[in-house]
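Top line first, the protein sequences correspond to chains Y and P.
According to our numbering, the first sequence is numbered sequentially starting from 178.
According to our numbering, the second sequence is numbered sequentially starting from 178.
Honestly, the hints are just simulated from the structure, not real lab data.
Zero decoy hints are in this set.
You can't tell identical chains apart in this list, so a pair holds if it fits in one copy or across any two.
Mimicking EDC-like on lysine to aspartate or glutamate, the simulated pairs with C-alpha atoms at most 20 Å apart in a straight line are:
{"#": "1", "residue 1": "K307", "residue 2": "E399"}
{"#": "2", "residue 1": "K353", "residue 2": "D384"}
{"#": "3", "residue 1": "K307", "residue 2": "D275"}
{"#": "4", "residue 1": "K264", "residue 2": "E360"}
{"#": "5", "residue 1": "K208", "residue 2": "E399"}
{"#": "6", "residue 1": "K208", "residue 2": "E221"}
{"#": "7", "residue 1": "K307", "residue 2": "E370"}
{"#": "8", "residue 1": "K193", "residue 2": "E219"}
{"#": "9", "residue 1": "K208", "residue 2": "D395"}
{"#": "10", "residue 1": "K193", "residue 2": "D275"}
2 protein chains.
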Amino acid sequence: MISSARIKFIKSLSQKKFRDSEGLFVVEGEKLVNEALASSFEVESVYRTEEIGEAAMARISSLSSPSPALALVRRPDDLFQDNLPAKGLFLALDGIRDPGNLGTILRIADWFGIDAVYASPDTVDVFNPKVVQASMGAIFRVRFHYTDIPAFCTRVLANSGIVYGTFLDGENLYLKELSTGLEAPSVIVIGNEANGISAATAACVSDRLFIPPYPADDPGSESLNAAVATAITVAEFRRQGSL
Amino acid sequence: MISSARIKFIKSLSQKKFRDSEGLFVVEGEKLVNEALASSFEVESVYRTEEIGEAAMARISSLSSPSPALALVRRPDDLFQDNLPAKGLFLALDGIRDPGNLGTILRIADWFGIDAVYASPDTVDVFNPKVVQASMGAIFRVRFHYTDIPAFCTRVLANSGIVYGTFLDGENLYLKELSTGLEAPSVIVIGNEANGISAATAACVSDRLFIPPYPADDPGSESLNAAVATAITVAEFRRQGSL
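Make a model of the complete structure from these sequences and hints.
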């Protein structure tokens, strides 16, 4: 059984303001719920169709086809912690707005062992249900922090680190020696889907990169999707790091 | 002015069965409409807010915020043509279901100069409005054909070509010499989002690849998004081809 008040409470978490005030977010799907339970995240409660019934599950679910399990999970305490690690490979998201893109970027970060992802305050909420779904569980494994990205990048440079970003006038990604941050922090900045890297952040980019199209003088499309550009760039960092 | 019958006709094109029977699809947005007009595609008609009014545009648009231009475009005659070119680098989509993924894959194909994309009949309709939007115009530049993928791949092999596919037990992508199809066709198979490459298609894959995670023995996530895997793979083909 589940009370009407509780149903209303769970549904309210589809809105960012209630996720923020309650410090909770919703996870749906048997697999994702199990990943939450196996993770370091605190699971506040789990609802299963066999316990609350299909009608109640349909009311609390945000999916068009409700899954058999839904959990309320507490968001981590370090969401706004932005201490700069002494070394490592990091992503800095400069205004990613699409939930699907953010979820996909978390999956990429997980696959390629990114040490932490930092995101500007205007990046979509990482606990948005669409981000959680698209991350396929990576949200429970990748360290994620919101912070002021230009200030963060400035600190990286001050600590002998490198700040990479992709630009149309950058250097060929494959002809550049890339640092995976073994001795000082390396940060890869990912720009907004429509506008790319903001001027304030671009001013802190020390190394400008470019993903070469084929043929070299004719990309066809004007750009690549933000998550796709992230994937190609991060994969090349790891390829070079393994040589 | 635009008649009620015409509005109904345009709206009907949001459904695949009417796109198929009429041979038309809808393109929305000033930029995309201009790309359609500049392309080899036949544009049947263009509607602009300044001509038909905002109320009519809101009725024919499938966007939550209607754009100032919408066009009906004739689908190309070669949609089901699957003649095998003597050489080149191709993609074979084995059941891509998500419209956003298909649009993103077309953008990747455009950026990296893929000679043509072939898709199984159970791949999402390439003229679905969400695919058209996500392709950012690549749909007007990339050759695209629906065909039986296992039969197509069998013909590639019979013509001294290579059929690549990514599998968890494949060879490290970066340690393998990849052919961009300069002398015989090279095909990269992209599997379905949930189930990967089908058994029938897998039987025709001659060269199994694997995108190495980091650390090598711990990918974190179980897999990468289909468009992301496509991007990393195609980028590596082009990187090797440019050496």
